[in-house]
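Enquirer: Letter by letter, the chains look like this.
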Amino acid sequence: MNWAVLDILGAIAFGISGTLVASEENYDLLGAYILGFTTAFGGGTIRNLLLGASVEGIWIQRNLFIIAFVSITFAFFFPHKWKSHFTHTAVFFDAVGLAAFAIQGANYAVSIDAPLVAVVTAAVLTGSGGGMVRDLLTGRKPMIFYSEIYALWAAFAGLFIGLGWISGPYVVTVLFVALIALRVASVYYKWTLPHYFSAQKRIGFDPEE
Amino acid sequence: MNWAVLDILGAIAFGISGTLVASEENYDLLGAYILGFTTAFGGGTIRNLLLGASVEGIWIQRNLFIIAFVSITFAFFFPHKWKSHFTHTAVFFDAVGLAAFAIQGANYAVSIDAPLVAVVTAAVLTGSGGGMVRDLLTGRKPMIFYSEIYALWAAFAGLFIGLGWISGPYVVTVLFVALIALRVASVYYKWTLPHYFSAQKRIGFDPEE
Amino acid sequence: MNWAVLDILGAIAFGISGTLVASEENYDLLGAYILGFTTAFGGGTIRNLLLGASVEGIWIQRNLFIIAFVSITFAFFFPHKWKSHFTHTAVFFDAVGLAAFAIQGANYAVSIDAPLVAVVTAAVLTGSGGGMVRDLLTGRKPMIFYSEIYALWAAFAGLFIGLGWISGPYVVTVLFVALIALRVASVYYKWTLPHYFSAQKRIGFDPEE
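Residue numbers (UniProt numbering), protein chains in the order written: chain G, 1 to 209; chain X, 1 to 209; chain C, 1 to 209.
One or more of the hints may lead you astray.
Stated by the list, open to error - Incomplete in silico selection of chain X near chain G, CB under 10 Å:
1) L51
2) R140
3) P142
4) A181
5) Y189
Said to hold, decoys possible - Cross-link-like lysine-lysine pairs, in silico, DSBU-like; alpha carbons within 30 Å at most:
6) K141/G x K141/X
7) K141/X x K141/C
8) K141/X x K190/X
9) K141/G x K141/C
10) K141/C x K190/C
11) K190/G x K141/G
Since the hints were derived computationally from the structure, they do not count as laboratory data. C-beta atoms are modelled at their ideal positions from N, C-alpha and C, and glycine is treated no differently.
Here chain G stands alone, though its shape is the one from the complex (with noise of 0.2 Å):
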């Protein structure tokens, strides 16, 4: 489990999670392809624009390029009847991709020494940020914000990394496993972090007594 195969693995998950939401925005091809590289490949341009790392080695990343425009292309021409089995394969791409680039993204920002409150933002910003731009680009409410436990996760990941706990391909492959499957299992089990309601529930004030 090295960068490259990480890389692959993002830029497939995410690239059929851009087309998919494409489908149901009801995109034409163009867009739908827009739409799956601004996810594939969204998160990591962020992370360096805001760690003020390089950005032109994005462009040179011809074979994730060709990666991302075969799984694109493949997911919009994919039958809309097998799609549709498919809702649960989704969530499973997606937490693949969040996986995948969050430790992607805590290990470049240790590799250029940011210090550790920068590892966890590069963790988050890697992990969720395509799926953000994402959801912005199509009028959505982006899903790090409403849904299951989702980038508390890609946190944790950045946080194990910058402290230097996580190092050598089996540990990581572990990190790797454990978060597709606590994401896939916040979905299942609707595991929620603390809104503000149940904020002031604990504390003795129900708003909506």
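With chain G held as given, fit chains X and C onto it using these hints.
Expert: The following block gives chains X and C in isolation, referenced to the frame of chain G:
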């Protein structure tokens, strides 16, 4: 048809386009300036950020700022009754901006030796990025995603320039006029790319069955 | 009234502002942190990106992060019943953030020898950019576009500082207090700039006739 002329035409066209949207949303005068400037200069700014090129250059285009300022002011105070007859003029101006900035963006990317995929992306981003920010800031779905063929013409400009097929002022002028004509024709004849549902039908799965 | 104080006041005020919006949208705790930090640090980040200034500096503001973190946590768990009495306090805090960051943004732009138009833009972006990102991420129309006079006060701060009329801690403090007072007065007395329809009326074309 050199860089300076393309810059001026694009700034005027997109400044007016942003102001027309601001008028429709009943924004105040400062809102019209912000939206007009964002539309006129947003595409080039996003392109420079994503290509890793310098963005300081944006702030020293003194004459372009003045031109955009005058265009916005004029469009804001232009009588509503006359504007409503000018819907087709608005499409025309937007097409002028798209063509001017797509060519200019591609030229810019070539001038900094960016790879072909970055040249095409620069053409699309510079041509349509300002309008995309305009639509996001006003809560509209970006035109690039739902309307008649839009970004494809910018992508073609990027491809032709990136492959070196277009050079010299005369050929560039022909491309510029062709892009405007193709975009206007797209709206007039309602040309579209394959959409999701038609893609399904073509391969034999009609989701509406 | 030096840079450090302006930074702290702005981070507290915008952190609280982001959390209040997150509460209204019933976001979870992590959503409140993301929105609070985005509002508190988004304006400065956008300014640095657009001015071509270094963004690495954002990640080493350790004390500001802690201050924002505490402010957001406090605002999130602050009882709802009390919050609803504090609408005017929210406007006040937002005005404090706008004033603090507009002055700080203009000072920053002057310190890197940016031209006047960039100083004014830096004041507007730093003062209102965080709130703009906050509104985009929650699907709201940016306050800068529809409300009582907002960005104009930031623009004035940029103009005065860019022209060198404001220098020395005492004069800056006067400007700071004046900006807050003007923004609060704008809301209280519903001051607005000319809108599209009034612009039409003024020159004799009433579109509602």
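Enquirer: Confirm or reject each hint.
Expert: Results of checking the hints against the structure:
1. L51: holds, 7 Å
2. R140: Holds, about 8 Å.
3. P142: Nearest chain G Cβ about 6 Å off; hint holds.
4. A181: violated, 19 Å
5. Y189: Hint violated; Y189/X Cβ to chain G Cβ min 15 Å, cut 10 Å.
6. K141/G x K141/X: holds, 13 Å
7. K141/X x K141/C: It holds: about 13 Å lies between the C-alpha atoms, which stays within 30 Å.
8. K141/X x K190/X: holds, 18 Å
9. K141/G x K141/C: Since the Cα atoms of K141/G and K141/C sit roughly 13 Å apart, the hinted pair holds (cutoff 30 Å).
10. K141/C x K190/C: holds, 18 Å
11. K190/G x K141/G: holds, 18 Å
Comparing the model with each earlier hint shows violations of hints 4, 5; every other hint is respected.
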